[in-house]
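Here the protein sequences come in this chain order: A and B. Just so it is clear: in the first sequence, position 4 is 3 by numbering that gives the first Met the number 0, and no numbers are missing. Just so it is clear: in the second sequence, position 241 is 240 by numbering that gives the first Met the number 0, and no numbers are missing.
Treat the hints with caution; some may be incorrect.
[To be verified] Derived, one-sided and incomplete: chain B residues facing chain A with beta-carbon distance under 7 Å:
1. Pro-117
2. Met-141
3. Arg-232
4. Ser-234
5. Leu-239
6. Leu-301
7. Gln-302
8. Tyr-306
9. Glu-309
10. Met-310
11. Asn-313
12. Ala-314
No wet-lab data here; the hints were simulated from the structure. Even for Gly, the Cβ is constructed at its ideal location relative to N, Cα and C.
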Amino acid sequence: MPNIKNKTGVGQAIDRVEGHLKVMGMAKYSTEFPVKNKVYGQGINSTIAKGEIVSIDTSEAEKLPGVLKVITYKNAEKLNTFDQVPTAISTTTIAPVLQSNKVHYYGEYIGLVVAETFEQAQHAARLVKFEYRKDPNPAIHLDKHEGKAYKPKDMEDYVLGNLEAGLSAADEVVDVTYTTPIEHQHPMELHAIIATWDNGKVMAYATQQMVNDATIAISDTFQIPKKNVRIISAFVGGGFGSKLNTERHVIMAVMAAKMVGKPVQVTVTRHQMFTNTGLRQFNIQKMKVGAKKDGTLTALAHETLSHTSPTQEFQEPCGQVTKMLYKVPNNRVTYRLVPLNIQTPFAMRAPGEATGSFALESAMDEMAWKLKMDPIDFRIKNDTQVDLSEKKPFSSRLLVECLRIGAEKFGWKERSMEPRTKRNGNWLIGYGVSAASRQAPYQKTNAKVILALEGNKVNATVRMDGTDIGTGSYTIIAQTASEYLKIPVEQVTVELGDSEFPVTPGSGGSWGAASYCNAVMAACENAVKTLRENRNIKEEEEVPLAKLLKRNQLKQFEADGSAEPSKEFNDHSVYSFGANFSEVWVDKDTGMYRIKRMVNVGAAGKILNPKTAYGQIIGGLTMGAGMVIAEQSRIEPNFGNFITRSFADYHVPVNLDMANIEVVFLPEDDKIANKMGVKGIGELGITSVAASIANAIFNATGKRMRELPITPEKLISAAVEPNVAS
Amino acid sequence: MRPFTYTSATTKEQALQAFHPNAHYLGGGTNLVDLMKEDVERPDQLININNLSYSKITAGANGGLTLGAMARNAETANHRDVRTNYPLLSMAMLSAATAQIRNMASNGGNLLQRTRCPYFFETSMPCNKREPGSGCGAKNGMNAVHAIFGYSDKCVAVHPSDMCVALAAIGATVEVQQPGGSSRLIDFNDFHRLPGDQPEKDTTLQPGELITAIHLAPPSFADHYYYLKIRERSSYAFALVSVAAGLQINNGTITKAGLAMGCVAHKPWKLIKAEAYLAGKQPTQANFDAAADLEMNDAKPLQENKYKVEMGRNAIVRALTQAFDRKA
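Model the full structure from these sequences, guided by the hints.
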């Protein structure tokens, strides 16, 4: 067999291997699996923010044709509940539901109606009558309850050097507060499940980012053995963090399946996705920056005040970026949480870094303006190759290169330092820049590869419980197998999302690509190595895979592989870096603005597939632009409900809002990160975009917008900074 | 949603006869069906009127144009006569919603779309429009997108339409069929009403009346027009403030002005004072400023929508400037 050049291996911009299934509607999402005799569950949500249920009348609902069961705390299965409150939330945390008459937030599940059809269940759910004893003073506003702030358990105050000394030594100080609103992940695919309970065994088609963790959460909640729980999540229509953990509709579906003895499908409505599947919390971030006249940073502080629910604790690490991005001898990062009657927040794309980088990179821009220094030069001056918070060198860090190359591509030299001086008709034109960073974690992952000889051809099947949440996992895994088995990608089948497959950490936190592909590489290498060793094949002899199987007299062969962080990895700080550039045009009178252009330069290790990688960055940039343009979930101050109820109210960017985007990947060979040199890019794209746009708005208007989103109403009401000539 | 029955009418007589107080005519359904899913609208019967013969756009009296009530928004906005003689209407209609919604939404239905006030949409909150007597949550609640003109203690909601703002500027008459079989004409500015003590009534339509046509006044603003819509994103968002501006200019003098604002009141807000002020004047920046001030001096913003006063003023001036500059 000729030594063919592999056009489908790692690094090739091939189309998605599952793309045709998706466009033809043949990719089965969780509730599209044909399950016989399935019935439908519809969750009922509380309509108060705090209090107790004093009576429930299910009679009208139960009278309706098709209604099988109305489940409330009165008749629900007893579940494992939290030993202590609040409990820190993780991806394996139990999800008790319908266990008491207490209501902790508006929209909390207080019941589930099970009926033969979806329409019957929905209608009946409205007919169940709840009476409450309402607590007249629910805690809804963070600022009104600041006095209740406490230090979250796992987040110690971080102190390097002496902040006050650093501020005293500074020639200029920036001391400002930024806020970011509650946002929701809102993947296109609604959360959904079809659950079956059969003799103590759970089988569920559920849209989850991490299936192994879901089996743990379900088994712990019901106190049944983990081996009795099987989850299939073959295709996931987006997650953005909301499908990392096991939400309560999953538990309700399993419970209902047990109680009615039939498979139960529960779909979370778009409206319920505001109250029942996680959110990005509202953060108040106080920043202090001290610098010498020459631009040397002397002090940096990042205090985050945020909220969690009364029963569970979560804090997104906004200050993470402030600990590692710049060389600064005096640094303080703290977190405080206030329990509010709002559902428990959880990770949303680049938790901490997306919001924290808005504060840090805006504050850096404010300082550069005070110093009358170019913001790129200011950042480069304070670059570090050592992560001072970890006291470890970075495995690779091309931030300066990202800034310089980006400046070149963007035409940064055309920027006017003085705001309000670049104009075109009614438009004020501004340029903004920001530095981006995102951890490149990597976790222990297992994979199996099955080789099958068919004539002179080998077909390979890769199996792992990892998921493709729309990012391209299927494709890059197939490319990895293609690369290391030296067969075309068409001969590779990838099977994902079944908890009976080898265990992976699932998709989240930007670790998917590196973790999955290194394990697949290991499995493929193990397969080839074993087959060669069995026949004592000399190292220099090249034997194609089909011949190798034939020489082993095998029609089929299986090998496992796993990958995990090395000692070298643990001795380094491993991050992806990038730079964002934005050009924004702001109408001088109306508060309207347009993002005209964006350039993103990233250094994120080996790019497995430029096509899917571009998609990730463009998606991240769009979501970052959304943080600026309009994305926010607003809570009614008296009632505690979200008044943003649907995509008509929760404004994500539309195509017209988005700029011309140029995405550049710098070549980076980082074998410390992992053998393949892969760093995740699912979250790098969203990081610091908001700051680059807000900085461009300042450059255009002289208005410093410290509160996201920057809506026309805020922009028209804001004043020009005192030191800007208007 | 709640169970309901469905009938399809093929003649206006059938539709009128099928009507009863808990029934609802079904046009494009882009607003009604959403509200039924939210349990805000609770008809027990839907009468499909999409097959009635009111979907044509035809020449009207005195050189005007008649828009069939069942013609779709997309078809109307892109109709040759609308684009040529009423480009202001076309521009406003194309700024609304999304292409998909415009393809479904009917002209009659556009007039009848309900407010986007969040208190109206959430059945657990008070709203006099949804449930008379329950109170107005927005008056002292979240009212950033609410009225600055013409509201009452009972309701501060705004009418969300773009099309209607242009119609108010251009001038139109709404033709309706009455249950008894006769028809009547309603001046467009009398069609929508202010909330007063009855915010549950958006319009002056009587129960069972069916809109059959919108008669546009003869065209005056084909050369100088602009629809300015300020919103949070570039598509699929309701206006924070919008302005429809039409100018008729002869020999450097404004002979007629058509001006209306959207999302500032319970009805499309016709700027009668500004229109009267501009007639006979020069199209200058000073006159545009004065016209805008004349209207905005009457604004009474609520707690959270003070921004609408400056935004509204600037939007009027900008729309007039753009209308003047626009070369047909």
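Hints, verified against the model:
no., hint, in the structure
1, Pro-117, "holds (4 Å)"
2, Met-141, "holds (6 Å)"
3, Arg-232, "holds (5 Å)"
4, Ser-234, "holds (4 Å)"
5, Leu-239, "holds (6 Å)"
6, Leu-301, "violated (13 Å)"
7, Gln-302, "violated (11 Å)"
8, Tyr-306, "holds (4 Å)"
9, Glu-309, "holds (6 Å)"
10, Met-310, "holds (5 Å)"
11, Asn-313, "holds (4 Å)"
12, Ala-314, "holds (6 Å)"
Checked against the numbered hints given earlier, the structure breaks hints 6, 7 and satisfies all the rest.
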